[in-house]
Amino acid sequence: MKNGIRTLKRIENIKGWLLSLPYWIFASIFFGYAFIWLVLLAMSKWNFITPRKMIWLKNFIHVFQDPMFWTVTWNTTRFMLYYIPSVLVLSLALAIALSKAKHFGAFFAMSFLVANVSSGVAYSIVFSKIFSSTGPINNFLYDTFGVVIPWFTDPTWAMLSIVIIVLWKFVGYYALIFLAGLQAIPKELYEAADLDGATKWTKFFRITLPLLNPSFVMIIVLAIGLSFGIFTEPFMITGGGPLNTTQTFMLTIYTTAFEKYKAGYAAAWSIVAAAMSFSIIWVSRKLIERDVSFS
Amino acid sequence: MKRVGLLLVAIMLIVGIVGLSKVVTITLWTAPNPNQNLFWKTLVPMFEKTHPNIKIKWSQIPATGSSEEAILTAIASNRQPDICTNIFNGFAAELIESNVVVPFDSFPDFNALLKARHMEKVIKGWENNGHYYVIPIYVNPMMIWWRKDLLKANGFNAPPRTYSDVYKLAEKVTIPHRRYAYRPVGGTKWWDRWFDFIMDYYAASNGKPYLDVSRQMTFINDKFGKEVATFFYTMFKKGYATTDYGRDPLENGTVLGSVEGPWHIPYVKQHYPNVYKNIVVTPPLVPDDHSANSPVYTYADTKGLVMFKSCKNKEAAWEFIKWVFSDPSHDALWVKLTNMPPARGDLLSNPLFKPYFKDPIIAAYAKYVPYAVPTAPTSKTVDIQQAMTNDLIEPLEYLKTTPDKALAKTAAEINDILSQ
Numbered sequence: 001m002k003n004g005i006r007t008l009k010r011i012e013n014i015k016g017w018l019l020s021l022p023y024w025i026f027a028s029i030f031f032g033y034a035f036i037w038l039v040l041l042a043m044s045k046w047n048f049i050t051p052r053k054m055i056w057l058k059n060f061i062h063v064f065q066d067p068m069f070w071t072v073t074w075n076t077t078r079f080m081l082y083y084i085p086s087v088l089v090l091s092l093a094l095a096i097a098l099s100k101a102k103h104f105g106a107f108f109a110m111s112f113l114v115a116n117v118s119s120g121v122a123y124s125i126v127f128s129k130i131f132s133s134t135g136p137i138n139n140f141l142y143d144t145f146g147v148v149i150p151w152f153t154d155p156t157w158a159m160l161s162i163v164i165i166v167l168w169k170f171v172g173y174y175a176l177i178f179l180a181g182l183q184a185i186p187k188e189l190y191e192a193a194d195l196d197g198a199t200k201w202t203k204f205f206r207i208t209l210p211l212l213n214p215s216f217v218m219i220i221v222l223a224i225g226l227s228f229g230i231f232t233e234p235f236m237i238t239g240g241g242p243l244n245t246t247q248t249f250m251l252t253i254y255t256t257a258f259e260k261y262k263a264g265y266a267a268a269w270s271i272v273a274a275a276m277s278f279s280i281i282w283v284s285r286k287l288i289e290r291d292v293s294f295s
Numbered sequence: 001m002k003r004v005g006l007l008l009v010a011i012m013l014i015v016g017i018v019g020l021s022k023v024v025t026i027t028l029w030t031a032p033n034p035n036q037n038l039f040w041k042t043l044v045p046m047f048e049k050t051h052p053n054i055k056i057k058w059s060q061i062p063a064t065g066s067s068e069e070a071i072l073t074a075i076a077s078n079r080q081p082d083i084c085t086n087i088f089n090g091f092a093a094e095l096i097e098s099n100v101v102v103p104f105d106s107f108p109d110f111n112a113l114l115k116a117r118h119m120e121k122v123i124k125g126w127e128n129n130g131h132y133y134v135i136p137i138y139v140n141p142m143m144i145w146w147r148k149d150l151l152k153a154n155g156f157n158a159p160p161r162t163y164s165d166v167y168k169l170a171e172k173v174t175i176p177h178r179r180y181a182y183r184p185v186g187g188t189k190w191w192d193r194w195f196d197f198i199m200d201y202y203a204a205s206n207g208k209p210y211l212d213v214s215r216q217m218t219f220i221n222d223k224f225g226k227e228v229a230t231f232f233y234t235m236f237k238k239g240y241a242t243t244d245y246g247r248d249p250l251e252n253g254t255v256l257g258s259v260e261g262p263w264h265i266p267y268v269k270q271h272y273p274n275v276y277k278n279i280v281v282t283p284p285l286v287p288d289d290h291s292a293n294s295p296v297y298t299y300a301d302t303k304g305l306v307m308f309k310s311c312k313n314k315e316a317a318w319e320f321i322k323w324v325f326s327d328p329s330h331d332a333l334w335v336k337l338t339n340m341p342p343a344r345g346d347l348l349s350n351p352l353f354k355p356y357f358k359d360p361i362i363a364a365y366a367k368y369v370p371y372a373v374p375t376a377p378t379s380k381t382v383d384i385q386q387a388m389t390n391d392l393i394e395p396l397e398y399l400k401t402t403p404d405k406a407l408a409k410t411a412a413e414i415n416d417i418l419s420q
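Protein sequences, first through last, are from chains A and B. This note's numbering puts the first residue of the first sequence at 1, with every later residue one more than the last. This note's numbering puts the first residue of the second sequence at 1, with every later residue one more than the last.
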């Protein structure tokens with residue numbers, strides 16, 4: 001009997017491995033091999049053409065000595081400071097509005113997703129024309145108030161303008177995450193609160209916000225990952241300028257690898273950026289994440 | 001028995017004929033440009049017709065961020081073509097340093113090709129350690145386009161020649177956020193430096209190089225560099241220039257003068273034919289003390305083709321290259337389709353090209369080919385020009401520094417880059 005059970009377990013084990021084998025093959029080629037190659041490259045000097053030369057940790061030391069690294073770190077911090085609070089507030093507000101919509105709620109929800117699925121290159125070009133000094137917004141401002149806002153050409157405004165575009169792209173998507181969280185909160189909790197005489201703000205801060213903790217954590221993790229991964233908008237619109245104020249990690253990695261032909265140095269940058277992103281996400285989760293139960 | 005014998009002879013004959021008439025294939029990559037595509041689309045079948053043993057597998061350089069990126073990734077994965085066009089001097093230096101391209105002077109009839117195409121002077125700008133690894137295809141001298149209708153409307157009968165001339169024009173025509181006299185800075189990408197600082201440095205210095213790669217030093221902080229930097233700084237300080245001119249600023253009248261290459265001609269002819277009639281072309285602006293009788297040098301936007309060492313049929317590839325560039329009618333077709341001056345010294349004297357230079361704008365470009373200087377032949381072009389952008393151009397644009405300080409910082413950075 002015991003032998004039969006063991007044999008059955010072994011057969012089930014083998015079946016499990018066989019069924020997941022295609023994924024393991026795919027992952028080992030496109031993730032495993034790629035990751036090992038990335039680490040080797042980060043410890044090498046290579047310009048794509050000549051043989052690769054091992055220089056061990058020199059690339060990593062160079063990253064931290066590079067003034068551009070500190071500029072990019074500060075730019076990413078600024079992006080997060082502008083973006084994360086804004087997207088949390090706006091997407092929560094949108095989710096609450098969608099939850100109260102009696103008709104066509106699903107239609108509005110899907111409409112906001114259109115921004116999220118739009119081509120980054122296409123909307124970057126469109127936004128750069130709209131916000132141009134001779135674009136429709138500035139034409140209106142100049143004709144009405146006699147002012148022009150240098151959305152993408154002023155060092156102070158440029159990163160904020162990029163944040164506005166990214167907010168437009170992700171507010172709908174994050175609102176759907178919040179909407180799912182809102183719909184999961186049992187109505188009985190609000191009814192019980194009503195019976196106790198709670199105001200709507202009390203219900204919001206004491207019931208809604210705490211029980212939306214999983215949604216908050218998810219959005220913050222996504223937003224931090226996005227902050228370190230942003231590329232299309234600065235590449236297409238500002239090129240990292242003016243005065244490097246919109247230079248991001250991904251943009252630096254791209255130009256280092258494919259314009260300056262320093263593949264090894266770019267690989268080191270990517271590992272450092274990934275480590276920073278992971279660390280910030282880990283710390284954020286430790287600080288914010290709570291166990292939420294509806295029982 | 002007799003039949004078997006005949007069959008054997010027939011087989012041997014077929015094998016012999018096939019062996020003797022073995023067709024070799026050469027892969028050719030060309031610039032992703034519709035007008036240049038038309039040129040190669042015409043020439044490749046012509047060549048194959050007259051050279052049935054050589055087949056040309058032609059395609060555009062794959063679409064990526066840049067041609068250099070596509071070529072490098074092809075080399076890294078061993079998928080590079082045999083011949084590739086769209087190579088500029090700096091990238092050629094990278095390929096030469098990496099020992100992946102063939103020196104064309106190793107072919108015995110290289111000098112004959114130079115003579116046939118009148119390239120003896122033009123090729124000098126492409127020399128690398130006494131060898132020639134690139135056949136230049138075209139030379140686009142960078143020039144300034146001026147709206148003569150708008151100049152006249154504001155009381156100026158001739159376009160500006162010197163920096164002070166531009167200041168006078170700017171004082172008259174500038175309307176903040178609406179209209180400017182001239183666009184001094186091309187953009188914030190590293191390659192934009194070719195079309196502003198480097199071009200103006202060549203003009204101010206009579207074509208003097210801005211780098212000495214062998215001595216690992218730059219000269220941009222000399223008298224000429226200071227004059228150019230001061231001009232940029234003054235334009236922004238006085239509000240005569242801005243950082244965002246919108247789309248097609250010259251054609252829309254946002255600027256009265258702008259640096260353009262001959263590739264802009266077909267676009268303007270098609271979309272702004274009335275503006276095209278009112279364009280006058282001049283060489284770059286010069287400092288006030290530059291004699292009006294001296295020639296004005298400019299930057300040469302010039303590209304060429306290389307042959308990779310991985311090519312298995314180098315003789316056949318060289319045969320194709322010689323055929324393309326020995327016949328002046330091919331260069332005439334090039335001008336007709338692309339409006340870009342081919343890299344040859346007889347453009348204005350050879351009657352074959354006369355019909356294509358009737359247009360005064362195209363003729364102006366041809367006239368300045370002898371005064372067009374290519375970029376410095378260094379593999380560190382991107383780093384150097386990025387340093388110019390970050391430490392010189394942008395800080396001057398935003399008035400964060402002075403010309404002297406910016407030049408000193410940029411020169412130090414470039415010398416450091418060259419010494420690595």
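Quick caveat, the hints were computed from the structure, so don't treat them as lab data. Remember, it's a predicted structure, so these values are computed and weren't measured experimentally. Keep in mind that the hints are not guaranteed to be accurate.
Here are the simulated lysine to aspartate or glutamate pairs, EDC-like style, with alpha carbons at most 16 Å apart [stated by the list, open to error]:
1) B:K223 / B:D404
2) B:K400 / A:D154
3) B:K226 / B:D288
4) A:K129 / B:D288
5) A:K200 / A:E188
6) B:K409 / B:D165
7) B:K22 / B:D404
8) B:K189 / A:E259
9) A:K260 / B:E97
10) A:K260 / B:E69
11) B:K336 / B:D359
12) B:K223 / B:D288
13) B:K314 / B:D105
14) B:K277 / B:E251
15) B:K238 / B:E171
Hint check results:
Of the pairs offered as hints, the one joining B:K223 and B:D404 holds, with about 10 Å between alpha carbons and a cut-off of 16 Å not exceeded. Of the pairs offered as hints, the one joining B:K400 and A:D154 holds, with about 12 Å between alpha carbons and a cut-off of 16 Å not exceeded. Taking the CA atoms of B:K226 and B:D288, the gap is about 13 Å. The hint holds against a cut of 16 Å. With a C-alpha separation of about 37 Å, the suggested pairing of A:K129 with B:D288 is violated against the 16 Å cut-off.
Taking the CA atoms of A:K200 and A:E188, the gap is near 15 Å; set against the 16 Å cutoff, the hint holds. Under the criterion of a C-alpha separation no larger than 16 Å, the hint pairing B:K409 with B:D165 is inconsistent with the structure, at around 29 Å. Taking the CA atoms of B:K22 and B:D404, the gap is about 65 Å. The hint is violated against a cut of 16 Å. A threshold of 16 Å between alpha carbons decides the hint, and for B:K189 with A:E259 the separation of about 11 Å falls inside it, so the pair holds.
Restraint check for A:K260 and B:E97: the C-alpha separation of about 15 Å stays at or below 16 Å, so the hint holds. The suggested pairing of A:K260 with B:E69 holds, with an alpha-carbon distance near 10 Å, which does not exceed 16 Å. Note on B:K336 and B:D359: the hinted pairing holds, with a Cα-Cα distance of about 12 Å set against a maximum of 16 Å. Proposed proximity of B:K223 and B:D288 is supported: the alpha carbons are some 13 Å apart, at most 16 Å.
About 13 Å separates the Cα atoms of B:K314 and B:D105, which keeps this hinted pair within 16 Å; it holds. For the proposed pair B:K277 and B:E251, the alpha carbon gap of about 11 Å is at most 16 Å, so the pair holds. Only pairs whose Cα atoms come within 16 Å are accepted, and B:K238 paired with B:E171 is accepted, the gap being roughly 9 Å.
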